[in-house]
Amino acid sequence: MQKLILVSLQDISEWVGGTLLSSGSEVKMVRAIAPLNRATKDEVAFLAQTKYREQLVSTNAAVVLLSQKDLDWWHHAYPTQALHVDAIVVDNPYAAYAKVATQFVVRQQAPLPLQKIHPSAVVDERARLADDVVVGANAVIEANAVIGAGTRIGPGCVVGEGVVIGESGLLHANVTIYHGCQLGARVILHSGVVIGSDGYGFAPEHGAWLKIPQVGVVIVGDDVEVGANTCIDRGALDATVIGNGVKIDNLSQIAHNVQVGDHTLISANAAIAGSTSIGKHCMIGGGTCIVGHIKIVDGVSVSGATVVTRALTKPGVYTGILPFMEHAQWERNAPVFRHLRELREKIRRLEKNK
Amino acid sequence: MQKLILVSLQDISEWVGGTLLSSGSEVKMVRAIAPLNRATKDEVAFLAQTKYREQLVSTNAAVVLLSQKDLDWWHHAYPTQALHVDAIVVDNPYAAYAKVATQFVVRQQAPLPLQKIHPSAVVDERARLADDVVVGANAVIEANAVIGAGTRIGPGCVVGEGVVIGESGLLHANVTIYHGCQLGARVILHSGVVIGSDGYGFAPEHGAWLKIPQVGVVIVGDDVEVGANTCIDRGALDATVIGNGVKIDNLSQIAHNVQVGDHTLISANAAIAGSTSIGKHCMIGGGTCIVGHIKIVDGVSVSGATVVTRALTKPGVYTGILPFMEHAQWERNAPVFRHLRELREKIRRLEKNK
Amino acid sequence: MQKLILVSLQDISEWVGGTLLSSGSEVKMVRAIAPLNRATKDEVAFLAQTKYREQLVSTNAAVVLLSQKDLDWWHHAYPTQALHVDAIVVDNPYAAYAKVATQFVVRQQAPLPLQKIHPSAVVDERARLADDVVVGANAVIEANAVIGAGTRIGPGCVVGEGVVIGESGLLHANVTIYHGCQLGARVILHSGVVIGSDGYGFAPEHGAWLKIPQVGVVIVGDDVEVGANTCIDRGALDATVIGNGVKIDNLSQIAHNVQVGDHTLISANAAIAGSTSIGKHCMIGGGTCIVGHIKIVDGVSVSGATVVTRALTKPGVYTGILPFMEHAQWERNAPVFRHLRELREKIRRLEKNK
Numbered sequence: 001m002q003k004l005i006l007v008s009l010q011d012i013s014e015w016v017g018g019t020l021l022s023s024g025s026e027v028k029m030v031r032a033i034a035p036l037n038r039a040t041k042d043e044v045a046f047l048a049q050t051k052y053r054e055q056l057v058s059t060n061a062a063v064v065l066l067s068q069k070d071l072d073w074w075h076h077a078y079p080t081q082a083l084h085v086d087a088i089v090v091d092n093p094y095a096a097y098a099k100v101a102t103q104f105v106v107r108q109q110a111p112l113p114l115q116k117i118h119p120s121a122v123v124d125e126r127a128r129l130a131d132d133v134v135v136g137a138n139a140v141i142e143a144n145a146v147i148g149a150g151t152r153i154g155p156g157c158v159v160g161e162g163v164v165i166g167e168s169g170l171l172h173a174n175v176t177i178y179h180g181c182q183l184g185a186r187v188i189l190h191s192g193v194v195i196g197s198d199g200y201g202f203a204p205e206h207g208a209w210l211k212i213p214q215v216g217v218v219i220v221g222d223d224v225e226v227g228a229n230t231c232i233d234r235g236a237l238d239a240t241v242i243g244n245g246v247k248i249d250n251l252s253q254i255a256h257n258v259q260v261g262d263h264t265l266i267s268a269n270a271a272i273a274g275s276t277s278i279g280k281h282c283m284i285g286g287g288t289c290i291v292g293h294i295k296i297v298d299g300v301s302v303s304g305a306t307v308v309t310r311a312l313t314k315p316g317v318y319t320g321i322l323p324f325m326e327h328a329q330w331e332r333n334a335p336v337f338r339h340l341r342e343l344r345e346k347i348r349r350l351e352k353n354k
Numbered sequence: 001m002q003k004l005i006l007v008s009l010q011d012i013s014e015w016v017g018g019t020l021l022s023s024g025s026e027v028k029m030v031r032a033i034a035p036l037n038r039a040t041k042d043e044v045a046f047l048a049q050t051k052y053r054e055q056l057v058s059t060n061a062a063v064v065l066l067s068q069k070d071l072d073w074w075h076h077a078y079p080t081q082a083l084h085v086d087a088i089v090v091d092n093p094y095a096a097y098a099k100v101a102t103q104f105v106v107r108q109q110a111p112l113p114l115q116k117i118h119p120s121a122v123v124d125e126r127a128r129l130a131d132d133v134v135v136g137a138n139a140v141i142e143a144n145a146v147i148g149a150g151t152r153i154g155p156g157c158v159v160g161e162g163v164v165i166g167e168s169g170l171l172h173a174n175v176t177i178y179h180g181c182q183l184g185a186r187v188i189l190h191s192g193v194v195i196g197s198d199g200y201g202f203a204p205e206h207g208a209w210l211k212i213p214q215v216g217v218v219i220v221g222d223d224v225e226v227g228a229n230t231c232i233d234r235g236a237l238d239a240t241v242i243g244n245g246v247k248i249d250n251l252s253q254i255a256h257n258v259q260v261g262d263h264t265l266i267s268a269n270a271a272i273a274g275s276t277s278i279g280k281h282c283m284i285g286g287g288t289c290i291v292g293h294i295k296i297v298d299g300v301s302v303s304g305a306t307v308v309t310r311a312l313t314k315p316g317v318y319t320g321i322l323p324f325m326e327h328a329q330w331e332r333n334a335p336v337f338r339h340l341r342e343l344r345e346k347i348r349r350l351e352k353n354k
Numbered sequence: 001m002q003k004l005i006l007v008s009l010q011d012i013s014e015w016v017g018g019t020l021l022s023s024g025s026e027v028k029m030v031r032a033i034a035p036l037n038r039a040t041k042d043e044v045a046f047l048a049q050t051k052y053r054e055q056l057v058s059t060n061a062a063v064v065l066l067s068q069k070d071l072d073w074w075h076h077a078y079p080t081q082a083l084h085v086d087a088i089v090v091d092n093p094y095a096a097y098a099k100v101a102t103q104f105v106v107r108q109q110a111p112l113p114l115q116k117i118h119p120s121a122v123v124d125e126r127a128r129l130a131d132d133v134v135v136g137a138n139a140v141i142e143a144n145a146v147i148g149a150g151t152r153i154g155p156g157c158v159v160g161e162g163v164v165i166g167e168s169g170l171l172h173a174n175v176t177i178y179h180g181c182q183l184g185a186r187v188i189l190h191s192g193v194v195i196g197s198d199g200y201g202f203a204p205e206h207g208a209w210l211k212i213p214q215v216g217v218v219i220v221g222d223d224v225e226v227g228a229n230t231c232i233d234r235g236a237l238d239a240t241v242i243g244n245g246v247k248i249d250n251l252s253q254i255a256h257n258v259q260v261g262d263h264t265l266i267s268a269n270a271a272i273a274g275s276t277s278i279g280k281h282c283m284i285g286g287g288t289c290i291v292g293h294i295k296i297v298d299g300v301s302v303s304g305a306t307v308v309t310r311a312l313t314k315p316g317v318y319t320g321i322l323p324f325m326e327h328a329q330w331e332r333n334a335p336v337f338r339h340l341r342e343l344r345e346k347i348r349r350l351e352k353n354k
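Protein chains in written order, with the numbering used here: chain E, 1 to 354; chain C, 1 to 354; chain B, 1 to 354.
Just to be clear, a hint being listed does not mean it is correct.
Which copy is meant is left open, so a pair is good if it fits within one copy or across any two.
[Stated by the list, open to error] Straight-line Cα separation of at most 30 Å, DSS-like style, residue types lysine-lysine; simulated pairs:
hint, residue 1, residue 2
1, Lys280, Lys28
2, Lys280, Lys211
3, Lys295, Lys211
4, Lys295, Lys352
5, Lys116, Lys352
6, Lys51, Lys352
7, Lys69, Lys3
8, Lys346, Lys28
9, Lys280, Lys116
10, Lys295, Lys346
11, Lys41, Lys346
Read the hints as simulated data drawn from the structure, not as lab findings.
Let the sequences and hints guide you as you build the complete structure.
Printed below as a string of C-alpha cells:
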C-alpha cells in the first residue's frame, strides 16, 4: 500500500541537520526507518536511549542516527574497532527520528484527490473553504464555517456553524466540532474527537437540575494534536483554551473553562475538571484526575493515575499511586487504611510513655 | 454569529420570578449574561457565591441577580451606601442565572430549517417522525423508529430500528442509538454518545469466551442529559434504566442492567459496573469506579476518583482518594503501603509490652 | 419488534449438548430465555450460581439448564420431592445459557436487506467486498479495503484505505478503522470504536514536541469483541496486536505497540500504555491503568481500578484499591498517608528502645 521512497544518506543528513560521518556513502539509498535491532541494510535506524547502545555492534542498518555522546561511548567501549555502520551525528536522535519518519510519510502520502470535495459531502453554501481544502465522503460542513488552506476533513466529520479551522489541519474520520469553536493551524484531531460539547453545568432547584446554557466556545492553538475519542467542552460563558503545541492523548476529558498552557502533554484517560488552569510545559500522566477551579503552574509533571485535589504552585513531579500487591496481601492490609490516624495516635502515646 | 437580543429588566425579572428593586429601570435593556466582575453596562450579572460579594462594589453590570441574604449583607457591610447597580432579588441566584441564560439561548436559536429532513439523511419509510422533527445531514433513521415532536437529530446520527425518542429532544451530531432503546422527553445527547451497545457478558468454556447475547434495552427517562462519548450499554435480559432528570457527564460508562435513580449526577470518566443500582439524588464524582451488583441508596455522594467496592446503605459522602505528594516523598512512603498490617501488629505488641 | 421463535426442549437440549431429563416433555415449546426467578411457563431458565439454587423451588420456567451438581444438591436438599420443573443437565449452565440465547438471536435476526450496499454508502471502486457483505447507509469504504464474506458494516462507519476485515464480522454504526489495519474473522466492533489512530509519540525539541509519525498498524485476531468508544492505536513502527478471542469493554485505551494475548478480558475504562505486553487468559479489571513497556505473563488478574507500575512475572491476582470510607473519616486519615515512612521509623525506634 505504501509507496516505496528511496533517498540518499545525504538527503537524510540534511533533513535532520546532522553530520554524515562516512565518506563515500552519501549516495547510499535507504527506504524506511526502523529500530536499531531490526533495521535491514536499506533502512535508517536511530539510537535514542543509552540502554540500546550495545545494539550498535550487531545492527544491520544502512545508517544510524546518534549523538556525539553515543559515538564517544563507542570509541571508549570499542577503542580498536571502527563503527561498522554509517552514522549521522545529531543533537537529538529522537527528534531526528521524528523528522526522518515525517519526511518519509510526507513523500508517501497519496496525492490530493481530483474531487477535493467528495460529492457525498454536505457543505453549506455559506461555508468558506480555501481552494485546496479536502472534504471526505459524507462529511458535513455547516454555515459560515471557515476552513484554511490545505486542511483535510475526513469522512463523516461534522464541522458546526461558524467553526474556524486554520491551515494545514487534519481531521480524521468521524470528528465532531460544535458551532463557533476555533482551531489554529496544523491541528490534528483523531477520530471520535468532540470539540465544543456543552460543559457540565446545572443549577439545583426544587430537587431537580436546571441546565445552565454553555454559551462559550473552545479555542485551540496552533500545532495541537488531540487523540481519539477525547472531549473538550465549550466554556460556560467564556472559552475553554488549549495552548499552542499541546498534545492530548485518547479518551481524555477537558471540561469547560479549562486552560491548558503551551506545549503541555496530557496522556490518555485523563480528566481535567472545570475551570482548572494548567501551565505551560506540563506533563499530565494517563488516568490522572484533576479537580476543578485550581491552578497548576508551568513545568509540573503529574504521574499517571494521580488525583490532584489542590493547586500546584511549584514546578516538580507529583505522585499519588497506591502500590498494587498480591490480592491476599492487599486483603490483609486493606482494613488498616481506615485506621491510619489511630495508628499515628497510638504511636504518639507510646512515644510519650516511653 | 449570535443574534443580538435586547430585553428589559422587567422581562428578566419575570423570567426568574424575582423582585426588581429599582424604580425607573424597568425599561432598561440588556443583551447578555456575564460574571459579576466582567459584565458590561448592558449585561446581566449574578451573585451565586458569597465569596464574590465584594464584586458588588465595582461591578459595571446593568443589573445583578442576588439573594435577599446577599442584599442584607450589603446593607450591613455598607450601611451608608446604596447599591449602585440595579438588582433583582431571587430565591436562588444560580438557578436564576440558568433561567436567564436559557431564555437568551432560546431567543438566539436559528429558526427551523425549511427542509426539516435534510435531503442527504436516510430515513426508513417505516420510521414515524412527528411533523416538526428535524433530521440533519447524513443522519440515518432506521425502520420503526418513533421520534416525538420538536426533536432534533444532528448530522451523522444513527437511530436504530424501533428506537423511541420523546418530544423536544436534542441529539447532537454523530450520536448512535442501538435498536429498541427508548428515550423520554427533552433528552439531550452529546456527540459520540452510544446508547444500547452490548453489555460485557461472556461465559467461559474450554479456555475461550462465549458471547452472551444482550437482548435487553436501555430506557432513559425525561430531562436526561448525557455528555460526549459516554456509553450506556443495553441490558443482558432486561433493561438498563436511567431515571428522570439524570445528568451524566462525558466519557462515562454505564454497564448493562445498571439502574440510576432520578436526578442523580454522574461526572466525567466514571465507570459503573453491571447490575449496580444507584439511588435518587446521588452525586457520583468524576473518575469514580463502582463495582457491579451493588446497591447505593438515595442521597449518596461519592467523591471523585473514589472506588466503591461494596453497597452503600446510608446517605452521606464517601471518599477514597490517595493524597498526592511530591514524587520523592511518595517514593519514601510507597513501600510502607504493603506493610500496613505489620505496622499495626507491631504497635499492638508494643502496647502490650508497655 | 422481535420475531417470536418457538423451539422444542429437544432442540434446546441439542443446542447445548445436554441431557433432557424428563420424558414426554421433549416436544414442549419455549420462546425465550429468562432468569430463574422471572421465567414464565414458556421460557427457558438457567441456574448458573449456587446462591440461586433455592429458586428451583418456586420457578415457573418451562425448563431449567443446570449442572449435575445442582441436581444432586436438589435431591439431597429435598429427598422426598421431585424437581417440578423440566431440566436439561449440562456441564456449564452459564455457557449453555449463552448458546441458547445466541440461537434465539440468530433466529430473530432480520433477513439481509435486498440492497446489500445501501445506495447512500460510498464504496471505493478499488475496494473488494465478498458477495454477501452488507454496508449500511452513509458508510464509507475506502480504496483497496478487503471485506470478508458475511461481514456487516453499520451505518456511518468509515473503513480506511487497505483495511482487511475477515468473514462474519460486525461493525456497529459509526465505527472508524484507519488505513492498513487488519481484523480477523467474526470480529465485533461497537459504535464509536476507533482502530488505528496514531499512537501518542512526540520527541522534545527546543521546548516543543515533534510528532513521531505512527507508521505501524493494528492487527486484531479472530473472535475479538471491542466495546463502544474504545480506542486501539496503531503501532509506531510495528503493529499493535490483539490476540484471538480477546474481549475489550467500552471506553478503554490500548496504546501503540501493545500486545494482548489470546482470550484476555479487558474491562471498561482501562488504559494500557504503550509497548506493554499482556499475556493470554488475563483479566484486566475496569478502570485499571497499566504503565508502558512492561510484560504481564499469562493468567494474571488485575482487580479493577488498580495501577500496575511494573512487570508481573507470576500468574495471580493483583490489587491496589484504596478502600473508601465516610468522608469525615477520610479527612482524619488523609494526612497520615504522607507520613507512613516516618510512622514506620518511629515504630522501629520504639521497638529498639523497648
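### Query
Given identical chains, is lysine 280 near lysine 116, meaning Cα to Cα at most 30 Å, within a copy, between copies, both, or neither?
For lysine 280 and lysine 116, the Cα distance exceeds 30 Å both inside one copy (37 Å) and across copies (46 Å).
#### Entry: Copy assignment of lysine 69 with lysine 3, given that the CA separation must stay at most 30 Å
Intra 35 Å, inter 62 Å, cutoff 30 Å: neither.
#### Entry: Within, between, both or neither: lysine 116, lysine 352 at alpha-carbon 30 Å
neither (81 Å within a copy, 80 Å between copies)
#### Entry: Copy assignment of lysine 295 with lysine 352, given that the CA separation must stay at most 30 Å
neither (41 Å within a copy, 45 Å between copies)
### Intra- versus inter-copy proximity for lysine 211 and lysine 295 (alpha-carbon distance at most 30 Å)
both (26 Å within a copy, 28 Å between copies)
### Message
Cα distance capped at 30 Å. Does lysine 280 pair with lysine 211 within a copy, between copies, both, or neither?
### Response
Answer is between; shortest inter-copy Cα gap is 18 Å, intra-copy 33 Å.
### Query
Under a CA distance limit of 30 Å, which applies to lysine 41 and lysine 346: within one copy, between copies, both, or neither?
For lysine 41 and lysine 346, the Cα distance exceeds 30 Å both inside one copy (68 Å) and across copies (61 Å).
### Task
With 30 Å as the alpha-carbon cut-off, assign the pair lysine 51 and lysine 352 to within, between, both or neither.
neither (51 Å within a copy, 43 Å between copies)
### Query
Given a CA cutoff of 30 Å, do lysine 346 and lysine 28 count as a within-copy pair, a between-copy pair, both, or neither?
Classified as neither: same-chain Cα gap 74 Å, cross-chain 67 Å, threshold 30 Å.
### Task
At 30 Å max between alpha carbons, let me know whether lysine 295 reaches lysine 346 within a copy, between copies, both or neither.
neither (37 Å within a copy, 36 Å between copies)
### Task
With 30 Å as the alpha-carbon cut-off, assign the pair lysine 280 and lysine 28 to within, between, both or neither.
Close neither inside one copy (42 Å) nor across copies (44 Å); limit 30 Å.
The structure fails to meet hints 1, 4, 5, 6, 7, 8, 9, 10, 11 from the earlier list, while all remaining hints are met.
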